[in-house]
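Given chain A, put chain B in place with the hints provided.
Protein chains in written order, with the working numbering: chain A, 183 to 511; chain B, 17 to 468.
For the record, the hints were derived by calculation from the structure and aren't laboratory data.
Do not rely on the hints blindly, as some may be mistaken.
Said to hold, decoys possible - Pair ranges (Cβ atoms, derived):
id : chain 1 : residue 1 : chain 2 : residue 2 : range
1  : B       : F388      : A       : E364      : 49 to 59 Å
2  : B       : P234      : A       : M215      : 41 to 51 Å
3  : A       : L419      : B       : P234      : 22 to 32 Å
4  : A       : I300      : B       : K463      : 30 to 40 Å
Beta carbons are placed, not taken as given, at the ideal position from N, Cα and C, and that holds for glycine.
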Amino acid sequence: MPESSRTIISTAPFLHDQATTPRIMWEVVLSMMPLLLAGFYFFGLSAVLVTAVCVLACMGTEWLFQGGAKLRDGSALITGMLLAFTLPPGFPLWMAFVGGVVAIGMGKAIWGGLGQNIFNPALVGRAFLQAAFPGAITTWELPDGQYLTGRGGNFSLPFLKADVVDAISGATPLAKMKFSHELTNWSDLLVGNTSGCIGETSTALILLAGLYLAYRGLINWRIPIGIFIAVATLSALVYGSAPDRYPPPHFMLMAGGLMLGAVYMATDLVTSPLTSNGIWIYSCGIGALVVLIRLWGGLPEGVMYAILLMNAATPLINRYTRRRVYGHS
Amino acid sequence: MHSDQSYTGSLQTFRHGVHPESYKERSSASPIERMPFVEEYTMHLNQHLGAPSKPIVREGQRVRRGELIAEAGGFVSVALHAPVDGTVVAIDLFSHPNGQMQPAIKIRIDPYSTQRMEVPLPEIPVEQMDYQAFINGVQQAGIVGMGGAAFPAHVKFAIPEGKVCRYLMLNGCECEPFLTCDHRIMVEYADALIDGTRILQHFVQAEKIFIGIEANKPDAIAILREAAGSSGLPIEVAPLQVKYPQGAEKMMITAILGEEVPSGKLPLDVGTMVSNVGTIVAVADYFRRSKPLIERVLTVTGTAVQRAANLLVPIGTPMRQVVEYCGGITVPSPRILLGGPMMGMVQKNLDVPVVKGTSGILILTDKEVQSFDTYSCIRCGRCLDACPLFLNPAKMGLLAKNGLWDELEENNVLDCFECASCSFVCPSGIPLVQSFRVGKSMIREKKARENK
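Bound-form chain A, shown alone (with noise of 0.2 Å):
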C-alpha cells in the first residue's frame, strides 16, 4: 500500500479536524528553531554543521527506504534535529552523519517506519553514537562566543585520530557534579550558559517550547510533568538525606538533557504509551531511572538510557493500562 495516497471519500465523516500529521510534524520542528538558534549562540556554527549533517543523514535515509513521498511528513526532519541536539558540538560530522543512518535505518524504517518503531529512533542513533564513538561523544566544549569557527573535531576524517588539540574543553555540569563534586550556577543552567549537548543547554527555552507544544495539544503534558514530579521528589529525598554528598533538586532538573528529554524525547507519540494511566507510570519511570542511573550509576547522565528503557515497556504498560469500554464492567 503506498503510504501518502489521496482518499476519495463516499462513507461518513466528511468533516475532518483541522490537525493533520505534517501539520503536527511541522509545528514542532518550527518549535525547536529557536533551540536551533541557542546552540548556535552557545556553540557558534559547529551547532548548525552537525545539524545539518544529521538532518542530511536522517532524510536521505528515509528517502532511501521508503521513498521521497515519505519526507513530506516531517518525522525524519525532526529525528535529525533531535539527534543533532543530544551531541556535543565539537563532534565529527562523519559520526554525526552515521548517527541520523542508524536512526532512521534502525530506529524506524527496520520496523516498518513511523509509527511502528518501539524505541524512539533519535536516541536509538544517539546510543549507537555512544557505544561506537564513546571518547568523541563525551568530548565537551565550553561556550565561547566563537560563532564561525568550526570546533576542534568537527571536521575530523574516519580512521584518523580526531584532533582535539584546539579544543577547548570543559567537562558538563553533570560530569562536574560526578567527578568533582561541583555545583553549576543554577543561572547558567537556566540560561544554557554551560558546556553539553547543541540543544540541550538552556533550561528556559526549552520549557518555553514545551509550554507551547503542550497548549497546541501536540505533546501530552503529562509526560513531562510526572518527569519532573519523579526525579523532584526522588532527588529531594536523597539530597535531604546527605546534602553534602548529592546534587540539589533544582540541579537536576536543570543539568544535562533532562528538559530536552523530558520535553522532545519522552513525549515521542510513537514510543509513549496510550492512555493517561500508561503515561503517569511511564513518565514517572523514567524520572525514577534517570535518579537512579545519575546518582549510583557509572556514568554522568541517564536520561536517554532512562527513556530507551521505559520505550521498551510501553507496550506492557499499554496492555495493563487498557481501559473499561463504556458499558463494560
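Here is chain B on its own, set in the frame of chain A:
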C-alpha cells in the same frame, strides 16, 4: 470552535467526544416552510428498519391524502399512507436513497384537489385506550424514529414484561453539524411536543421526563422550559454541553443520568426510554389530529445550495424538487449528503424521493469533501480521547486493516455505533470508522454462517 455556545461552565455531558464546527447558523433561524405540492410522489415500502410495508392499493386506484396505502409487514414494520390526494400510477422498483432499486408506490397528484385531509378522529380519545391499542395506533400511523435511523416507534414505546420506564427522555440534542430541523421543531411546535409527551407519558408513567437539548439552542430551551412549566408534567429541560455525539442515545442517557447502558443492552435496561422530538410531535399529530406520518421537517443546507431552509416536506417528494425549491445548486459538481456530515450517506444524484428518515439534504462543494491525505498512524492517541465508548480505535484500525476479525471483535468493535469521532480527529486521515463498518459486517456474516 463552537461559535454559538451561550451556556458555558458545568453543563452535563458524557466523557470524550469531539467538537466539529456546527455550520448551523445558515438555517437555524429559518422558520419551517411548507414545501408546495409537486406532481408525483414515490412512496418506498422500505423506509423504516424492519420488514417492508405491504401495499393494499392497485395501479389506477384513487387515494386520499392520509389514506392507508400499505400496511405493516410484521411487528417490526409500520404502515404507509398517501401524502396527497391522487392516483396510484405505478407499483414498481424505484431508486431508493440507500442506492438500490426498491419497490415503491408512485402516486400522481390530483391537480384539482384542495389537499385538505379528511380522516376521522379515532373513535375513542387516546387517554381511554389501553396500552396495546396505543401501540397499535403508533404502528398504524406509520411513525418511525425521526432522528434518522427510522426504527419503528411503536417497538420502542412497547415496554417488555419485567421492565419499567422510570425516565422518559426526549432527544433534542441535534449534535450533527448543519442540521437544524429538530431545533425548529422545538421552537415552533413546542405545544405539539408537550402534547405528544403527555400522550406517551399517560402510558409509560415515567417518574421524570427529560428534554435533552444542546446548549447552542437557547431559544428552544427557553420556550420548552416555559411550555413544560405550565404542562403539569414532571418535565425537566436539560441543557447539555455542545459536543458530538451528544445526541447518541447512550451518550444522552449518560449525560443526564450519569449511568451507562450495559454493552448489548437497551435503554430500557436502565429504566429509560429515549425518543427524538420529531417522533413525539408525530404522535401528537396522529392521536389529536388523525394525521399519520405523511410529511416531515428536514433541513436543506450546505455551502452549495442557493438558500438554506427548514422545510415541511411530504414523504415521497423528489429530492431534486426540494433542492430546486431552495433555489437549486450553485456549483457544477456538488456533493450531496443525506443526514449530517458525521454519520450521513453520500448520494449520487437527487433522483430519489424523501423518505421518513431523511433529516437533511446537504449540498457541499466537492472541494469540501472530496479527498484528503492519509499517513501512517503516529499513535498520537487522539482517537482514544475522542471515542465516547472508550474503545481503542487505533488498535482496532490496525486489526481491521489486516483482516483480523476475531481480534477486532475481542476489542469490542460490535459496541461501536459508528459516530465517526475517531476518523474526524485522526491527523493521519486513516479511515477508522469506515474500516469498523466493514469489520462489523464481516463479523456478523461469520456469526450468521456459524448459526446455520
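Structure-based check of each hint:
A C-beta distance of roughly 56 Å is found between F388(B) and E364(A), which places it inside the suggested range of 49 to 59 Å. Checked against the given bound of 41 to 51 Å, the beta carbons of P234(B) and M215(A), roughly 45 Å apart, stay inside it. As the Cβ distance of L419(A) to P234(B) is approximately 54 Å, the hint placing it in 22 to 32 Å is violated. Between I300(A) and K463(B) the beta carbon distance is about 35 Å. The supplied range of 30 to 40 Å therefore holds.
In summary, the one numbered hint that this structure violates is 3.
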